[in-house]
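Undergrad: This is what each chain is made of:
There are 2 protein chains.
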Amino acid sequence: MRKPDRLSSQPLYQQIADDIERRISYGEFPPGSLLPSERKLAEQLGVNRSTVILAYAELRSLGIIESRTGSGTRVSKYKWGAMPKHTPNWHRYVEGGSFLPNLPFLRRIREALQKDKALIDFASGELGADLSPVKEINTLLDENHYTGYLGYDNPQGFVPLRETVVSYLKQYRGIQTTESSILITSGSQQSLYLITQCLLTPGDAVAIEDPSYCYSLPMFQSAGLRLFRLPVDSKGIRPEDVRSLYKKHRIKMVFINPNYQNPTGVVLDAKRRTELLDVASELGLPIVEDDPFSLTAYDGTPPTPLKSMDAIGSVLYIGSFSKMAASGLRVGWMVAPHSVVERLADARQQMDFGLSVVPQQVAAQFLKSKYIRPHLERLRTNLLYKRDLLIEALQKELPDLVRFSIPQGGLHLWCRIIPEVNDSKLLEEAIRHGVIFVPGSVYGSDSGYVRFTFARPKPDEIVPGISKFASALRTILG
Amino acid sequence: MRKPDRLSSQPLYQQIADDIERRISYGEFPPGSLLPSERKLAEQLGVNRSTVILAYAELRSLGIIESRTGSGTRVSKYKWGAMPKHTPNWHRYVEGGSFLPNLPFLRRIREALQKDKALIDFASGELGADLSPVKEINTLLDENHYTGYLGYDNPQGFVPLRETVVSYLKQYRGIQTTESSILITSGSQQSLYLITQCLLTPGDAVAIEDPSYCYSLPMFQSAGLRLFRLPVDSKGIRPEDVRSLYKKHRIKMVFINPNYQNPTGVVLDAKRRTELLDVASELGLPIVEDDPFSLTAYDGTPPTPLKSMDAIGSVLYIGSFSKMAASGLRVGWMVAPHSVVERLADARQQMDFGLSVVPQQVAAQFLKSKYIRPHLERLRTNLLYKRDLLIEALQKELPDLVRFSIPQGGLHLWCRIIPEVNDSKLLEEAIRHGVIFVPGSVYGSDSGYVRFTFARPKPDEIVPGISKFASALRTILG
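As given, the protein sequences belong to chains A and B, one line each in that order.
Numbering (my numbering) for the first sequence: 4 to 481.
Numbering (my numbering) for the second sequence: 4 to 481.
Misleading hints may appear alongside valid ones.
Derived, one-sided and incomplete: chain B residues facing chain A with beta-carbon distance under 10 Å [stated by the list, open to error]: (1) Ser40; (2) Ser284; (3) Pro289; (4) Gly331.
Hints are computed from structural coordinates only; laboratory data are not their basis.
We put the beta carbon where it would ideally sit given N, CA and C, even for glycine.
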């Protein structure tokens with residue numbers, strides 16, 4: 004709904020009533036559908052509840068809406084003509100559908116961020132405006148115009164970008180590949196979605212890290228997969244756990260994020276990497292390696308990817324432009340055997356008819372430009388700076404209440420709250436205090452963990468953000 | 004594979020062997036995987052079969068590949084180390100997965116178009132380079148830089164584009180809506196995919212036109228839907244058929260493309276539109292209106308969309324930038340009740356984390372620019388010109404062998420071949436003659452229909468293209 008204009012000569016309640024009537028007539032709220040409660044709408048529009056009560060009364064007197072005790076305020080059904088007419092029961096359609104909705108915590112976070120632009124955002128897992136190479140990307144857009152034909156693109160992705168990714172992977176990640184083994188995707192999320200939809204069948208068992216961002220993705224459940232846990236310790240997952248899950252549950256695939264794991268920040272130990280590849284080759288088991296964070300290595304020496312050590316082709320490698328440059332461009336890539344790339348590209352054609360050429364061209368230009376090295380250096384320096392601001396603030400504000408390991412790369416800090424706390428209460432209290440984060444249970448951990456993304460807030464928001472968080476925590480600890 | 008360099012001093016077979024070895028070592032062809040047959044590879048690389056035989060012999064002598072009679076040539080399994088190691092059985096993974104592959108005809112067409120760039124393309128359902136406003140889009144990219152933050156975008160799509168689409172729909176399509184009822188998608192394909200995944204449940208019955216491009220989309224089958232047919236006559240579908248399908252099968256949704264229907268070019272009759280909306284409101288049945296072609300109306304007066312007559316909110320409206328401007332930008336939109344938009348946006352976040360901001364900004368700029376009206380005028384004039392070239396050529400080359408109605412808008416001509424022909428034989432013969440089209444059976448019709456997309460080939464390709472098609476047809480008719 005639109006916030007009423009306080010400078011207008013029309014009363015606030017009348018403006019609200021007019022806006023609602025217009026939206027109903029356009030079909031945004033079809034006959035029979037539920038309108039927001041008076042309390043909620045008042046909060047949303049920043050007006051007194053009595054103003055909304057007046058607006059609803061006005062609409063009720065016109066027969067446009069009806070209120071019944073206990074069932075809220077709805078758009079009238081029989082206003083619209085003499086014959087009984089039925090709007091589809093959209094509610095039932097929305098509740099159906101095989102694809103599961105996002106987790107309630109994640110929807111709550113999105114809603115809170117949309118409503119209150121002043122919230123200090125430790126929740127969104129991406130680079131803040133200070134870290135993205137927006138200027139460089141604009142310069143590239145200036146210097147190189149896309150002049151080609153704007154028809155449907157190659158199903159595997161824009162060929163010049165695939166060629167650039169081949170050189171990039173060789174130079175930055177020690178991975179040897181060819182452009183026909185590359186699938187360009189809109190990011191790691193789409194890569195994972197295609198893998199779960201096209202290479203696995205409902206009922207298949209797969210192994211994921213514990214904790215892991217995979218738990219935050221209903222796509223695994225939507226695909227009907229059975230999830231088994233690989234506990235992450237300070238050296239990452241243990242390869243022998245993979246073998247025992249295979250023996251017990253015949254897992255079909257292993258999903259890991261070995262470099263600065265999301266959410267823990269842990270790097271998989273070098274010896275375990277070799278062992279993991281040995282287990283995979285012993286069992287003929289595919290490993291999906293998601294590697295979005297490695298170029299953020301604060302010391303400038305990213306860990307070696309599994310894929311570069313993968314002699315027999317057990318690893319599907321997923322990379323992305325999002326966490327090293329700009330998530331809003333929506334460009335990622337996958338390295339896989341050609342038959343897998345073809346299958347996934349074919350399915351993606353069915354889902355969205357492929358990617359836009361324009362961002363693919365921008366990503367290709369950036370990856371081979373003179374800007375990338377200075378950008379990465381600046382990114383690392385600034386991430387390290389923001390990490391340290393966060394750590395100092397936590398140590399100052401909550402010295403005895405939190406515990407964490409110090410990440411050496413990536414965007415996140417994984418933090419345990421020592422006293423017992425309820426995730427949901429802490430989140431709501433934090434929002435009331437003007438700060439937001441992701442509760443650990445989203446990643447499948449027990450209550451009492453918090454993921455702070457220090458990459459997202461502005462540097463001068465970190466200290467006040469933690470101070471707000473600390474007050475929120477103290478409030479609920481009583 | 005890379006075509007060998009005929010100017011190189013290295014023999015062709017050696018270049019081919021080296022390229023294959025490199026690709027095997029990078030994992031493009033993992034141990035155990037099947038290599039192309041000698042004949043196929045020779046064709047693909049444009050060399051004699053004997054050259055490929057020599058290359059394979061070379062690799063066999065190195066133990067890198069193995070050939071067994073009847074089972075083709077495969078990458079060796081035991082070359083790679085002393086221990087028995089197992090590459091995942093990628094073949095089995097690729098054959099599994101719940102998402103169905105594209106239809107064989109469509110994969111064949113894609114393959115043929117990729118292999119032979121000189122094919123005259125009546126198959127790709129999009130605007131050719133002569134019809135897309137590439138220059139205008141480049142000027143806009145020049146004049147307006149995206150300077151905002153390149154973070155994840157709003158799940159419903161870029162707000163300025165949603166606002167522009169609201170004005171566009173009002174001005175060009177007579178549809179009244181608000182930006183909170185708009186979902187930006189990557190095109191009609193993604194809109195349909197989200198609807199089938201999020202609002203319908205496996206086993207649900209839905210009605211689609213016969214013939215219809217929906218048959219070409221395994222997404223309907225992948226979602227487990229039962230499809231029922233609404234025959235299209237010269238005035239479109241008959242509303243009473245919708246009622247009887249509802250009574251018999253409790254259909255949950257109706258998918259139609261009422262303006263210049265793909266593939267037939269038919270416009271749904273005005274009286275039937277009113278009746279259809281009455282049936283929908285009587286049954287509380289949602290109608291999905293896909294409306295990509297209406298602005299191509301050759302006389303400049305597009306048919307009125309169902310959505311603009313939809314008083315009670317039965318219609319989900321799908322529009323797109325693809326068929327009126329540029330398919331390669333990947334921008335489309337949907338108008339739906341807010342609860343539907345929210346559900347679909349939430350699910351899309353799970354699948355690909357939303358759209359790139361860059362093409363959305365370009366689309367918004369174009370839709371409100373001074374370029375759009377002249378572009379649409381030019382588009383209509385040129386489409387009409389190309390349609391007439393096609394009709395004249397068909398009448399001249401095959402006067403007694405084909406029959407068709409003359410479309411008044413859209414990109415396609417739907418053509419019946421009067422003598423009995425086999426779709427598959429005709430397609431293969433046409434490809435041999437240097438021309439390609441989509442066989443009617445892809446759209447669920449009987450054998451002997453052809454969809455010619457006259458929008459795609461260059462104007463000077465249309466007459467020679469039909470002449471090649473005519474020779475192909477005469478060849479198989481004997």
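Undergrad: Hint by hint, note whether the structure agrees.
TA: To see whether the hints hold, each was checked on the structure:
The interface hint given for Ser40 of chain B is broken, as the beta carbon of that residue sits about 15 Å from the closest beta carbon of chain A, more than 10 Å. A hinted interface residue such as Ser284 of chain B counts as satisfied when its beta carbon comes closer than 10 Å to some beta carbon of chain A; here the least separation is about 4 Å, so the hint holds. Using the Cβ-Cβ criterion of 10 Å, the hint placing Pro289 of chain B at the interface with chain A is satisfied: the shortest such distance is roughly 4 Å. Restraint check, Gly331 of chain B versus chain A: the minimum CB separation of about 4 Å is within 10 Å; hint holds.
In terms of the numbered hints stated before, the structure departs from hint 1 and from no other.
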